[in-house]
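Using the sequences and the hints, build the whole thing.
Chains as they are written, first to last, in this note's numbering: chain A, 1 to 542; chain B, 543 to 820; chain C, 821 to 1133.
Hints were generated in silico from the structure; no laboratory data involved.
Sample of chain B residues at the chain C side, in silico, Cβ under 10 Å:
| hint | residue |
| --- | --- |
| 1 | LEU657 |
| 2 | GLY743 |
| 3 | CYS797 |
A virtual CB, placed ideally from N, CA and C, is assigned to each residue, including glycine.
Chain residues, written in single-letter form:
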Amino acid sequence: MPEQLVIDGLRVGNGGPGRPVLDGVSLSVAPGEFVALVGGSGSGKTMTAMSVLGLLPARLALESGSIRLGSTELTTAPETDLDKIRGGRIGMLFQQPKRMFNPNRRIGRHLLEPLRIHAGLRGARAREKALGLLAEVGFDDPRAGARSYPHQLSGGMAQRAMTALALAGRPDFLLADEPTSALDKVLERQILQLLDRERAGRGLGILYITHNLASVAAFADRVLVMESGRVVESGPTREVLGRPQAAYTRSLLDASNLQPVDVPAPPRDESDMLALKAVGKSFSADRRSKAALAGVSLELKKGEILGVLGQSGSGKSTLARLIVGLEKADRGTISLHGDLPKGPQGAATAVQLVFQEPHGSFDPRITLRSSLEAPLLRSGLTAEERGRRVKAVLAEVGLEAVLLDRRPAQCSGGQLQRATIARALLLEPQVLICDEATSALDALTQRTILDLLRRLHRDRGLSLLMITHDMDVVRHMCQRVAVLYQGALVELAETAAFFAGPKHEHSRALVEASIPCRGLHLKQITGVQEASNPEEPVPARH
Amino acid sequence: MRALRKRITIDRAALAVLTLAVLAVAAAPLVMPYAPDAQNLAVRLAPPGPEHWLGTDHLGRDTLSRVLDGGRFSMSMAAAATVFTAVLGTVIGVASARRRGWLDEFLTRTNDVLLALPEMVVALFIVAAMGTGFWPLLAALTVTGWTPFARLARTLAYDVSARGFVEAARVLGCPPSFIVFRHLLPHLAAPLLGQATLRFGQLLISVGALSYLGLGVQPPQSDWGSMLAAAQPYAERAPMGIIAPGLAIFIVALCVTLIGQRAAKKAAVTAAREEAHA
Amino acid sequence: MIKFMTRRTATLVAAVLLSSFAVFLIPYVTPGDPVRKIIRSRVAGDVVDDSTVESLGVSLGLHDPLFVQYLRWLGSFLSGDMGLSYVSRTPVAEQVMPALAVTVSLVAAALGTAVLVSLPLGTAAALRQGRRTDRLITAVTQSFIAMPEYWLAPMLVLLFALKLAVLPSAGWNDAASVVLPAATLALRPISYFTAAVRSGMLDALSSDHVFAARARGLGKTRTVLSHVIPNGLVPLSTLFAVWFAGLLGGSVIVEVIFAVPGMGRLLYDAVVNSDIPLAQGGVVVVVALAVGITTLADFVHRVLSPQAGAGLA
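Below, the structure written as structure tokens:
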């Protein structure tokens, strides 16, 4: 009988009278099992993992319950024993891998630490083993990987390196705390596949902590749903997600489904609104955080909704910044056609941008009224006229005028994103660029903002450029889709044709990442119609 | 009693002491027991007593009166230099961050060189070239004094400029004056004010240092630094002559340092909270 | 990294050249005839009559374009010929170099003391953050910032030299004479260093990677020794260099008070006596060394903290 990790009736609180952070949590993970722990922020899922490692924050304490690894009771184990278990028997992955590395040390040197402590390896043998681990987690060039500093790695590679580090002590169990939340879909899938391979290969027991139900459906054997410190529902993945009992589980499921809607009909007018010809931009070494663009040519037609798909680092944000003039192109031309607004600002404001971060696009120190009136300051309008216009656009995006006297911190993300759109509309733009405009919002708000954009597109005849990494946004909003990969345009197609048969290798990876792999697709379980089928069969369970 | 003790925080105490010092120095002509330059050779180097609370100097002048009077020059000089360098540094720093390119590179490198130049040596040269007095002294303190403000203003302006709302304002075609006055300066004000408070303390010490070396205030006028220098030969017989003016500098500098450090910390916390919220 | 080093080195050279040019201009911008002033720094004997001044001016090339004169001046400067001091009538280089040696040892003693004092204080304050130890250490060291050297020095002299008579009050003869000037000079750096060590340690203690190291089974002690302390000390290295550079010419007050024959004293004397060649030599040497040290510190910082330069505009 292999040893299990068992948590039984765990209660964690701050020692005071208030509600405990964890209230009678029980769960178990067997070797070779992939267990998902699902819940919103503050539900206690991370604290569960911290309790297992005996690393609760100082303000919290374990009040009752037991945590057993095989026959060892962890809650009463001495610190020296726990240090052997941490990393040696139970490894851990984190949400922000880069911040979990010592920034002043190379990856290779990090790996030597657990190898020495838990495997007793030193010198050349340890170095050899470290390179082997890096190769195992998918570094094409392990030597280069070992030599690099954490900040030099991309988010995906950093999480791979963190996985190598967690596996270095040959643990039997892995606590993975939102390991893919900061990554895009393609990378998420690759990381989870990597973990799943370790599970199948050597019987690693995985406790996967997440709020992302789609990945749970695809990978987990069992799922536990947590809400305010309690497990409210648990069972095999198919049962829990297919026939949710708890109201909380149902609301989580609702929020993860974007209902399919009719893609707006393509415009009849085929003339170009915005044309990019061989636009290129590179950044000097000290601005490496921004992605370069190499010779992109693209037309946005009048009244069209064009999706621009790309992962982080593909150059899609650079594209948006070039079009609105926040950056200057090194090569190529960007030209604007159509009836441009007259006035002192002229064409410069005919293209407007909606940023990803609604809270960031408003100065926290000044009221929405000042922020919204600012673009009109040069227009020569009277204060009264400015106020009227602001109120008019506010009504158009569905916001009430009382918000005008609030500061950004007093508004929700959804309200602010509407206000951003209203502010852009003040300048009567022809083109609206949405740079991941809905990515920072929760699923329900996301849908209402997309609805608003569709309405503006219809009523005002706006041309929209939807820059996103979210396949669902493209699927449900856009008439055409352009795919950016490493700064180049690799595919441009009608949306339906794109999903039916992506041409470029990277496009295929993007489309594939939105459909299931080992397990099931969320939409299959929950009964939402979906064209694609699982490609890989569910492997036999032990 | 406990409630009272809780309300006396360090920065409140510092603020109270500082206010008292400023008031005493400002009202010196009214509160001085003797004229600061009234000599009385009969009571040379007298120890503290009922007649002369802090004793007298080698010419029999009342030390308390001279400390109160000397503070006028020390404090106003330091205050003028603080305001001057703060405004200059802020303008340079913001211009650097807004214009970027070669101007930024040039100003930043100038700043680097000036940082490596010892403040006191530069001041020595300027005073040697321009002579002594209020304006040369102000110039001497300004040449190197603007650099910390420029550094801070530049870094902050860069950070704020990279935030979404400034980029949004640019895309929306807001006038540059709006961006500078409504977005940048309000975000810069609190940290710069904290910095200015800290610098006032350091400049007060520098003013005293130049006067101590005989390059600052010139007789018959005196300030805390020149008093210290004059009293040094008699330190053994009348230690109060050096203790009193030095203590005055120390107390005022300490109070502004405490206030400035707390203000700077507060500004940093506010900024971090806003950043985290965004 | 190589690009960074080239750029910083180029800046260093430009900065030194620029400030040396400014220093070269001193005889031209100060009152009086520049030709006579320069001749005085080049010729040992007294030159009074106009015809000799004229012929010497020609032979020394003092009527050439300013830039040519500058290059010539720089050339002789680099070969160690810094001219003759007006006061001592001896070569400036012979005065500058010993003075530099004195100052470097004084500054090294002061900053060494400061590091030795602030390391334990800052670490203790960080490990007991918010408690009485921390508050006491922070309050006392903070108050050092407000301590004028020209006040502390006479008080130390009063106590240790005059009242207790255990240390010399001035001069630069033996190890004992280093104590008071070094102690005076160390006070303000102690204040800044302690704050830097404390906040560096606190940052390191609360950083995610330290937590992650604990989660990998690195014990408490080992984590502090191998992750917290090394990371916490990185800011101190830069601060140390900045202070070292700054004090090379910045110890004027202390050197004057304690009659230490160092750079500060030399520059002070040069200014007070309008000894132009001496001032020129002293300033160029101090600036070159100071800029060199800060540049070196930048390189060291890049090596210790490689992510520092990435992603910055």
